[in-house]
Amino acid sequence: MSDDRPIWRDPRVVVARRDIRSLSREKTIVLALLIQLFVAGFSSFLVVGLTSLYDPSSVAAGEVEMAVTGDAREELEAAAAEQDGTSVTAFENETAAQRAFNQRRVDAILRGDYVPSTRGPGEQIAVTAVVPEGSIRSTLIVVEVRRVLSGLERQERLERTPYLDKPPVPLPDTVSASQYFGFTYTILIPLLLFLPPFISGSVAVDTVTEEIERGTMELLRVAPVSLLDIIDGKALGMVLLAPAQVLLWLGLLSTNGIAVSNPAAILLFITAVTVVVVTLGVVLGITLQNRRPAQLLFSVLTLVLFGGAVLLPEHPATTVAKLAVDSPTLLTYGHVGGAVLVAVAGYAAARVYIGRIAAEAL
Amino acid sequence: MQPDKLLRVAKWEVTKNAGGVDKRTIVVMALSLVAMGAVAAIAVSGGTGAGMDDGIYRIGVDESSPYYGVAADDRTFDIREPDPTAIERRQQELLYRGSQLQSVPRTAKERAALAELRDSTAQYNDRTLARDDNQTAAFPVSVTLVYEQQSGSSQLDPRGGDSSDGSGSADGSGTSTGGSGDGSDTGGTGGSATSSSGDGGTAGGSGANLGAIGARLTGDVQGGTPSDISPPFPFESLVLAFLYIVPMNFVIQAYGSSMLSERLNRRGELLLVTPASRGDIIGGKTLPYFVGAVGVAALITAALRFGNIAPAGSYVAVLAVVPLVVLFLSATFCGAMFARSFKELTFVTVTITVTLTSYAFVPAIFTDVTPIALISPLTLVVLDLTGQSVGLSSFVFSVTPPLLTGLVLFGLGAGLYREEDMFTQRPIPLKVLDALAGGINSRRSALKMSIILLPLVIVAELAAIAFLFVLDSVSLNVFGTNQSLGIVLVLGVIVVVEELAKSLHVYAGYEHARYERTLRSALGIGALSGLGFFIGEKGLLIARLSDLESLPIGEAALQGATLPAGLPLWVAGLLFLLPLALHTVTAAISSVGASRGRRAYLGGLVLAIVIHFAYNFAVVSTLV
Numbered sequence: 001m002s003d004d005r006p007i008w009r010d011p012r013v014v015v016a017r018r019d020i021r022s023l024s025r026e027k028t029i030v031l032a033l034l035i036q037l038f039v040a041g042f043s044s045f046l047v048v049g050l051t052s053l054y055d056p057s058s059v060a061a062g063e064v065e066m067a068v069t070g071d072a073r074e075e076l077e078a079a080a081a082e083q084d085g086t087s088v089t090a091f092e093n094e095t096a097a098q099r100a101f102n103q104r105r106v107d108a109i110l111r112g113d114y115v116p117s118t119r120g121p122g123e124q125i126a127v128t129a130v131v132p133e134g135s136i137r138s139t140l141i142v143v144e145v146r147r148v149l150s151g152l153e154r155q156e157r158l159e160r161t162p163y164l165d166k167p168p169v170p171l172p173d174t175v176s177a178s179q180y181f182g183f184t185y186t187i188l189i190p191l192l193l194f195l196p197p198f199i200s201g202s203v204a205v206d207t208v209t210e211e212i213e214r215g216t217m218e219l220l221r222v223a224p225v226s227l228l229d230i231i232d233g234k235a236l237g238m239v240l241l242a243p244a245q246v247l248l249w250l251g252l253l254s255t256n257g258i259a260v261s262n263p264a265a266i267l268l269f270i271t272a273v274t275v276v277v278v279t280l281g282v283v284l285g286i287t288l289q290n291r292r293p294a295q296l297l298f299s300v301l302t303l304v305l306f307g308g309a310v311l312l313p314e315h316p317a318t319t320v321a322k323l324a325v326d327s328p329t330l331l332t333y334g335h336v337g338g339a340v341l342v343a344v345a346g347y348a349a350a351r352v353y354i355g356r357i358a359a360e361a362l
Numbered sequence: 001m002q003p004d005k006l007l008r009v010a011k012w013e014v015t016k017n018a019g020g021v022d023k024r025t026i027v028v029m030a031l032s033l034v035a036m037g038a039v040a041a042i043a044v045s046g047g048t049g050a051g052m053d054d055g056i057y058r059i060g061v062d063e064s065s066p067y068y069g070v071a072a073d074d075r076t077f078d079i080r081e082p083d084p085t086a087i088e089r090r091q092q093e094l095l096y097r098g099s100q101l102q103s104v105p106r107t108a109k110e111r112a113a114l115a116e117l118r119d120s121t122a123q124y125n126d127r128t129l130a131r132d133d134n135q136t137a138a139f140p141v142s143v144t145l146v147y148e149q150q151s152g153s154s155q156l157d158p159r160g161g162d163s164s165d166g167s168g169s170a171d172g173s174g175t176s177t178g179g180s181g182d183g184s185d186t187g188g189t190g191g192s193a194t195s196s197s198g199d200g201g202t203a204g205g206s207g208a209n210l211g212a213i214g215a216r217l218t219g220d221v222q223g224g225t226p227s228d229i230s231p232p233f234p235f236e237s238l239v240l241a242f243l244y245i246v247p248m249n250f251v252i253q254a255y256g257s258s259m260l261s262e263r264l265n266r267r268g269e270l271l272l273v274t275p276a277s278r279g280d281i282i283g284g285k286t287l288p289y290f291v292g293a294v295g296v297a298a299l300i301t302a303a304l305r306f307g308n309i310a311p312a313g314s315y316v317a318v319l320a321v322v323p324l325v326v327l328f329l330s331a332t333f334c335g336a337m338f339a340r341s342f343k344e345l346t347f348v349t350v351t352i353t354v355t356l357t358s359y360a361f362v363p364a365i366f367t368d369v370t371p372i373a374l375i376s377p378l379t380l381v382v383l384d385l386t387g388q389s390v391g392l393s394s395f396v397f398s399v400t401p402p403l404l405t406g407l408v409l410f411g412l413g414a415g416l417y418r419e420e421d422m423f424t425q426r427p428i429p430l431k432v433l434d435a436l437a438g439g440i441n442s443r444r445s446a447l448k449m450s451i452i453l454l455p456l457v458i459v460a461e462l463a464a465i466a467f468l469f470v471l472d473s474v475s476l477n478v479f480g481t482n483q484s485l486g487i488v489l490v491l492g493v494i495v496v497v498e499e500l501a502k503s504l505h506v507y508a509g510y511e512h513a514r515y516e517r518t519l520r521s522a523l524g525i526g527a528l529s530g531l532g533f534f535i536g537e538k539g540l541l542i543a544r545l546s547d548l549e550s551l552p553i554g555e556a557a558l559q560g561a562t563l564p565a566g567l568p569l570w571v572a573g574l575l576f577l578l579p580l581a582l583h584t585v586t587a588a589i590s591s592v593g594a595s596r597g598r599r600a601y602l603g604g605l606v607l608a609i610v611i612h613f614a615y616n617f618a619v620v621s622t623l624v
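If you read the sequences in order, they're chains A and B.
Position 216 of the first sequence, counting from 1, maps to 216 under full-length UniProt numbering, and the rest follow consecutively.
Position 233 of the second sequence, counting from 1, maps to 233 under full-length UniProt numbering, and the rest follow consecutively.
If you are wondering where the hints come from, they were derived from the structure by calculation, not from laboratory data.
From a predicted model like this one, the values you see are computed outputs, not experimental measurements.
The reader is advised that the hints may include incorrect statements.
Stated by the list, open to error - Distance ranges between label pairs, derived from CB positions: (1) B:L264 <-> A:N256: 38 to 48 Å; (2) B:L430 <-> A:T329: 48 to 58 Å; (3) B:Q102 <-> A:T174: 12 to 22 Å; (4) B:E88 <-> A:T329: 15 to 25 Å; (5) B:L270 <-> A:Y353: 28 to 38 Å; (6) B:Q102 <-> A:K27: 47 to 57 Å; (7) A:R5 <-> B:L264: 25 to 35 Å; (8) A:P6 <-> B:M422: 41 to 51 Å; (9) A:A90 <-> B:S64: 38 to 48 Å; (10) A:E123 <-> B:E88: 47 to 57 Å; (11) B:R75 <-> A:G120: 32 to 42 Å.
Unchecked claim - Looking from chain B toward chain A, a few residues come up when the C-beta cut is under 7 Å (computed): (12) D53; (13) R58; (14) A137.
Backbone N, C-alpha and C fix where the C-beta goes; we use that ideal spot for every residue, glycine too.
Please work from the sequences and hints to get the whole structure.
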């Protein structure tokens, strides 16, 4: 290759530019971003929606009114008093409690009685919890019931500590913490950041097989570029797309108040992953020359790779999560380095393989 | 459509593939499928134990502290040497000396870490106490959960009305203790609910089944203590949803490629010039993929049934998957007809996957809770696999809208399956207009198209209800009326979808010069379109088949389609005719806009939407 050409006239860069331009002309990049936005919105909606069913404090769903009755009602009352989202009324007799339940003055009935234990000597409190059936609120009520009864259990255990081999570990204090914190960093961010590499690889399959199937690869081959140059250019175009999207996501997340640490390391890691995935896509495209089998095999193999990564000491999704939440360990950086090595070695091997293919066979 | 020609195309589609894929590919494919199975098996069995949240919180604690064991058992925590300076440098989140927390959690991460530690401590206590000699002291509380109908009515619990027999279960306390005792055998608190209460109603039964299958899938459900109570969250429906939906994505990928490659280099012309009709070609090319997808669903059901994971699985589950398969295939068909290149098809396929998966998935999450769940046919699968009977009306309600939508999409795509459209490259929005204009011949077509597009509208509206009903409990004060946020949003979505469905085909007709661009003609076409929609909208009565209107949000969505009972005749007549007037007027407005170009169309559409929303909101505020 002559060296007097400026970089932007390099055939590889020209091919990459051409591919990216064709993408933006079809406006499909916008569509892809919208999809990812939708996925992100959808999954967070799902979790926010679902957890809000479980946690009365997350949505102003109102307090849960409970009726307590039976011999152990005082203990139940004490346990319920510790919970914020609950208020209790004690009923002397069960029929009155049942009537209040039927008239919807209370959401649940807790009937606690001291009975001989089924688990050994001594007495235990048997609680029958009656909750309304088949409404969205019953989930919330069940969660509240569980809280109250767990509190009761803790209290009772404390009183019976002398009989235990080892006292239970006291619970740390409650703090107001975002319940979506873990979800954001371990699911949402990895999901957002791994989607661009996957799409890039899939499009790499498309761009190669499309040239072959349409017969335009021959036209490209007439130009004074080698097959390797063409492939280099196509891979380059697709690899560049992913980090660009990742940057966009990181910006969007930080404007939403979700701080993502170590952006440089994350960017490097995702780029390495993209190189691996795009290499896979290009090789499959060149080998199979047909979109259908190539694309099919590509998605199966990527799934296997991603799933098989659980065998690594740290899953790539966890690597991203730990970098993003700023808890990286040496192992995390090891994975980033490993990914870069695999990407470089993989692409070099793919180049050797493609170099051996007689271009006329395409 | 002739069956023999259709079958010949189908056969060709299959053999062409077998020839196109060489043995090496098949071997690699088989190997990777085996690998995928192995990976899934490892993931399910939790063999490696690696979780997504491993080591995201760092805790400074040494072995003298009781929390050392807690943190060591929970892989979310990374144990470090206690070091106060590390806290300041933000390299540790929590610091414990003995049982005392030495650091003050300030940042969001530190607070989340402490909350996580609290949860793990509770679990740790349960685990260690399970080995204690004195089990009575270790687990001093036993619980029995009973689900019961409440009588009377409440805004939040719309299932009122049918009264249950008051204090019937008041004498149940004696039995309930026994029930909780053997709750560990049945594997769920729901299970003990059935054994203890005779009058607990149907939910007890379903709880037992779900608990059982949940136990089989997770293997760690015990009954009896407070921490064993689990809300009716159908974990298995999440697993099953993926089990049934994932193979479909592979099928549509192959199908989309096959359909689009017909459009490359005018290859499809060869088929078009044969005596086979358009329907034969499309049907024949689709049939193998349809059979394949349904076959996979049947295999999964059989495997679940004979693998004893869901012994109740039957043909109902397979039948319920059919509309989903049709929906996936038809959407992909349209995508392949619209897309200009493989690259574009990839993006379209991803969109289809994401959208339809959420459509099938979100309602199915609420399997236990409300009639909302029936919006997705996947719920029928879950019900069938967990051994609950599926009523005919529920089945029809759940299956009909997606099935019809799939057929409509096939029809729209087929409109483009002809020489002059197949081989031209146009942006997707224009292709959509082409597809719509394909069905327009005369002015009366406006009526026809409004009716034809209705299944799409219904599916979109039902999906909106399913997505937004969670917000139903959030109330919002709009213009002095107290409506829930969910209802307002649902009304908004419905209005937009309906106005689009009424006017988009009119716009397509104008763009393709099928209609005269005069005011008179525009008003007439708009009125016809509105009338067509009104007639079709009565199809929403299908929602009566389920209990959907028993929810406030469902009632708000369906107003106009069903009439409140007990009104004087003239009011009923007025209520019946008002929606007709509304649909005609709004459709005429957007039609007049459409006749004057794109900008005017958008303006007209927005105006129509505003009027429609105001009307709907007024009706909901006064009637609901």
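Outcome of the hint check:
Between L264 (chain B) and N256 (chain A), the C-beta spacing of about 42 Å keeps the proposed range 38 to 48 Å intact. Evaluation of the 48 to 58 Å hint for L430 (chain B) and T329 (chain A) yields a pass: the beta carbon distance comes to about 53 Å. Distance hint check: the CB atoms of Q102 (chain B) and T174 (chain A) are about 18 Å apart, consistent with the given range 12 to 22 Å. A hinted range of 15 to 25 Å holds for the C-beta pair E88 (chain B) and T329 (chain A), which are about 19 Å apart.
Roughly 35 Å separates the CB atoms of L270 (chain B) and Y353 (chain A), a value that falls within the hinted 28 to 38 Å. The hinted range of 47 to 57 Å is satisfied by Q102 (chain B) and K27 (chain A), whose Cβ atoms lie roughly 56 Å apart. Roughly 33 Å separates the CB atoms of R5 (chain A) and L264 (chain B), a value that falls within the hinted 25 to 35 Å. P6 (chain A) and M422 (chain B) have their C-beta atoms about 42 Å apart, which keeps the hinted 41 to 51 Å range intact.
For the pair A90 (chain A) and S64 (chain B), the supplied restraint of 38 to 48 Å holds, since their beta-carbon distance comes to about 43 Å. The given range of 47 to 57 Å is respected by E123 (chain A) and E88 (chain B), whose C-beta atoms sit roughly 50 Å from each other. For the pair R75 (chain B) and G120 (chain A), the supplied restraint of 32 to 42 Å holds, since their beta-carbon distance comes to about 33 Å. Annotation: D53 (chain B) was flagged as interfacial toward chain A, and the flag holds, the nearest CB pair being 4 Å apart, inside 7 Å.
Interface hint at R58 (chain B): satisfied, since its Cβ lies 6 Å from the closest Cβ of chain A, which is below the 7 Å cut-off. The beta carbon of A137 (chain B) comes within 4 Å of a beta carbon in chain A, closer than 7 Å, and the hint placing it at the interface holds.
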